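Undergrad: For the record, the sequence lines run as chains H and W.
Heads up: the first sequence begins at 0 in numbering that gives the first Met the number 0, then just goes up one per residue.
Heads up: the second sequence begins at 0 in numbering that gives the first Met the number 0, then just goes up one per residue.
Source of the hints: derived by calculation from the structure; they are not laboratory data.
A few of these clues could be false.
Stated by the list, open to error - Below, simulated PhoX-like cross-link-like pairs (lysine-lysine); rule was C-alpha separation at most 25 Å, straight line:
{"id": "1", "chain 1": "W", "residue 1": "K107", "chain 2": "W", "residue 2": "K3"}
{"id": "2", "chain 1": "H", "residue 1": "K93", "chain 2": "W", "residue 2": "K30"}
{"id": "3", "chain 1": "H", "residue 1": "K88", "chain 2": "W", "residue 2": "K3"}
{"id": "4", "chain 1": "W", "residue 1": "K40", "chain 2": "W", "residue 2": "K3"}
{"id": "5", "chain 1": "W", "residue 1": "K107", "chain 2": "W", "residue 2": "K7"}
{"id": "6", "chain 1": "W", "residue 1": "K30", "chain 2": "W", "residue 2": "K73"}
{"id": "7", "chain 1": "H", "residue 1": "K93", "chain 2": "W", "residue 2": "K84"}
{"id": "8", "chain 1": "W", "residue 1": "K40", "chain 2": "W", "residue 2": "K68"}
{"id": "9", "chain 1": "W", "residue 1": "K84", "chain 2": "H", "residue 2": "K88"}
{"id": "10", "chain 1": "H", "residue 1": "K93", "chain 2": "W", "residue 2": "K73"}
{"id": "11", "chain 1": "W", "residue 1": "K7", "chain 2": "W", "residue 2": "K68"}
{"id": "12", "chain 1": "W", "residue 1": "K40", "chain 2": "W", "residue 2": "K30"}
{"id": "13", "chain 1": "W", "residue 1": "K68", "chain 2": "W", "residue 2": "K30"}
{"id": "14", "chain 1": "W", "residue 1": "K84", "chain 2": "W", "residue 2": "K29"}
{"id": "15", "chain 1": "W", "residue 1": "K66", "chain 2": "H", "residue 2": "K93"}
{"id": "16", "chain 1": "W", "residue 1": "K84", "chain 2": "H", "residue 2": "K23"}
{"id": "17", "chain 1": "W", "residue 1": "K68", "chain 2": "W", "residue 2": "K3"}
{"id": "18", "chain 1": "H", "residue 1": "K30", "chain 2": "W", "residue 2": "K7"}
{"id": "19", "chain 1": "W", "residue 1": "K73", "chain 2": "W", "residue 2": "K40"}
{"id": "20", "chain 1": "W", "residue 1": "K29", "chain 2": "W", "residue 2": "K66"}
{"id": "21", "chain 1": "W", "residue 1": "K68", "chain 2": "W", "residue 2": "K29"}
{"id": "22", "chain 1": "W", "residue 1": "K73", "chain 2": "W", "residue 2": "K6"}
{"id": "23", "chain 1": "H", "residue 1": "K23", "chain 2": "H", "residue 2": "K69"}
{"id": "24", "chain 1": "H", "residue 1": "K93", "chain 2": "W", "residue 2": "K65"}
{"id": "25", "chain 1": "W", "residue 1": "K29", "chain 2": "W", "residue 2": "K3"}
{"id": "26", "chain 1": "W", "residue 1": "K6", "chain 2": "W", "residue 2": "K30"}
{"id": "27", "chain 1": "W", "residue 1": "K65", "chain 2": "W", "residue 2": "K3"}
None of the values given here were measured: they were computed from a predicted structure.
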Amino acid sequence: MEYRLKNELEEIRLLAEAIELWGKENGIPGKALFQLNLALDELLTNTITYAYPEGGEHEILLRLVPEGEKELQIEIRDDGLAFNPLEVKAPDIKQDIDERPIGGLGIHLVRQMIDEIEYRRENGQNILLMRKSLN
Amino acid sequence: MDIKEAKKNNATLIMLEGRLDSSTSGMLEKKLLSLMETGEKNFLLDFSGMDYISSAGLRVLLMAAKKSKTAGGKVLLSALTDNVKEVFDIAGFTGIFTIFATAEEALKDF
């Protein structure tokens with residue numbers, strides 16, 4: 000499945016609906032679909048919110064390719080500011096309510112939902128290549 | 000996302016429905032802040048109709064919990080669905096919030 004979305008937050012819900020349909024047609028379990036949608040939501044929310052400080056309409060490309068029945072390849076490309084999610088520090092999730100800073104959980108959720116993440120910056124594009132096990 | 004609210008004895012019950020994400024979390028934040036401005040400090044957020052939460056939603060919940068606590072109140076949660084519970088576990092929010100199986104049970108705790 001290939002999907003192109005504009006840099007608007009409302010697009011993420013529409014993408015989630017499209018992925019639900021696609022996932023059902025391709026026999027992908029509901030739990031994996033939820034985790035996939037959450038990871039994509041977090042990554043795309045970051046891109047849409049921070050990658051285009053000058054504004055303007057941009058296109059983000061998403062590709063989902065099932066590898067047999069057990070794995071899914073995920074690719075996201077955008078032409079926004081360089082951002083490597085692998086450099087984001089993990090939060091301390093054991094802190095109590097007073098110590099806990101507000102925010103900083105998005106990339107942590109992505110890392111828990113996705114099995115492998117590779118980042119490249121090429122030709123002015125952020126490229127994320129990911130793998131998710133469907134077991 | 001839909002937000003319904005009901006004033007109970009010692010708290011405001013807020014029933015959430017749909018998706019709590021980056022495009023809807025601002026709505027909940029505004030609602031909670033405006034209730035806090037009227038002096039409310041105890042909130043019960045019922046998640047029985049909510050099947051999706053992202054970090055944008057978690058952000059608003061933590062903000063509300065901190066503000067309520069400072070005001071001498073608290074934010075309780077009830078009826079987390081499986082997907083929402085999974086996100087709470089991974090974010091470490093299960094340890095920060097008191098979570099009840101039903102709204103009725105939670106209301107007795109204020």
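Undergrad: Run every hint past the structure and note whether it holds.
TA: Do the hints match the structure? See the list:
1. Proximity of W/K107 to W/K3 is assessed by CA-CA distance (about 20 Å); at most 25 Å being required, the pair is judged to hold.
2. A C-alpha spacing of about 29 Å is found between H/K93 and W/K30, which places the hinted pair above 25 Å, so the restraint is violated.
3. At roughly 37 Å between alpha-carbon atoms, H/K88 and W/K3 are farther apart than 25 Å, so this suggested pair is violated.
4. For the given pair, W/K40 sits about 17 Å from W/K3 by alpha-carbon distance, which is consistent with the 25 Å threshold.
5. For the hint pairing W/K107 with W/K7, the CA-to-CA distance comes to about 11 Å; that is within 25 Å, so the pair holds.
6. Annotation: proposed proximity of W/K30 to W/K73 holds, straight-line Cα distance about 16 Å (limit 25 Å).
7. Of the supplied pair hints, the one linking H/K93 and W/K84 holds, its CA atoms being roughly 17 Å apart against a limit of 25 Å.
8. As the CA atoms of W/K40 and W/K68 are separated by approximately 8 Å, the hinted pair is consistent with the 25 Å bound.
9. For the proposed pair W/K84 and H/K88, the alpha carbon gap of about 24 Å is at most 25 Å, so the pair holds.
10. At roughly 20 Å between alpha-carbon atoms, H/K93 and W/K73 fall within 25 Å of each other, so this suggested pair holds.
11. Restraint check for W/K7 and W/K68: satisfied, since their Cα atoms lie roughly 19 Å apart, inside the 25 Å limit.
12. Taking the CA atoms of W/K40 and W/K30, the gap is near 13 Å; set against the 25 Å cutoff, the hint holds.
13. Between W/K68 and W/K30 the CA atoms are separated by roughly 17 Å; this keeps the pair inside 25 Å, and the hint holds.
14. Straight-line distance between C-alpha atoms of W/K84 and W/K29 comes to about 24 Å, which keeps the hinted pair within the 25 Å bound.
15. Taken as a hint, the W/K66 and H/K93 pair is honoured in the structure, with Cα atoms around 20 Å apart against an allowance of 25 Å.
16. In summary, the hint linking W/K84 to H/K23 is supported, as the alpha carbons are separated by about 23 Å, within the 25 Å threshold.
17. Of the pairs offered as hints, the one joining W/K68 and W/K3 holds, with about 23 Å between alpha carbons and a cut-off of 25 Å not exceeded.
18. Restraint check for H/K30 and W/K7: the C-alpha separation of about 35 Å exceeds 25 Å, so the hint is violated.
19. Between W/K73 and W/K40, the direct Cα distance comes to roughly 6 Å. Compliance with the 25 Å bound is thereby established for this hinted pair.
20. Note on W/K29 and W/K66: the hinted pairing holds, with a Cα-Cα distance of about 13 Å set against a maximum of 25 Å.
21. For the given pair, W/K68 sits about 18 Å from W/K29 by alpha-carbon distance, which is consistent with the 25 Å threshold.
22. Distance restraint check for W/K73 and W/K6: the Cα-Cα separation of roughly 15 Å lies within the 25 Å cut-off, and the hinted pair is therefore satisfied.
23. Proximity of H/K23 to H/K69 is assessed by CA-CA distance (about 15 Å); at most 25 Å being required, the pair is judged to hold.
24. Annotation: proposed proximity of H/K93 to W/K65 holds, straight-line Cα distance about 16 Å (limit 25 Å).
25. For the given pair, W/K29 sits about 14 Å from W/K3 by alpha-carbon distance, which is consistent with the 25 Å threshold.
26. With a C-alpha separation of about 13 Å, the suggested pair W/K6 and W/K30 falls inside the 25 Å cut-off, and the hint holds.
27. Pair hint W/K65 plus W/K3 holds up; C-alpha atoms about 22 Å apart against a cutoff of 25 Å.
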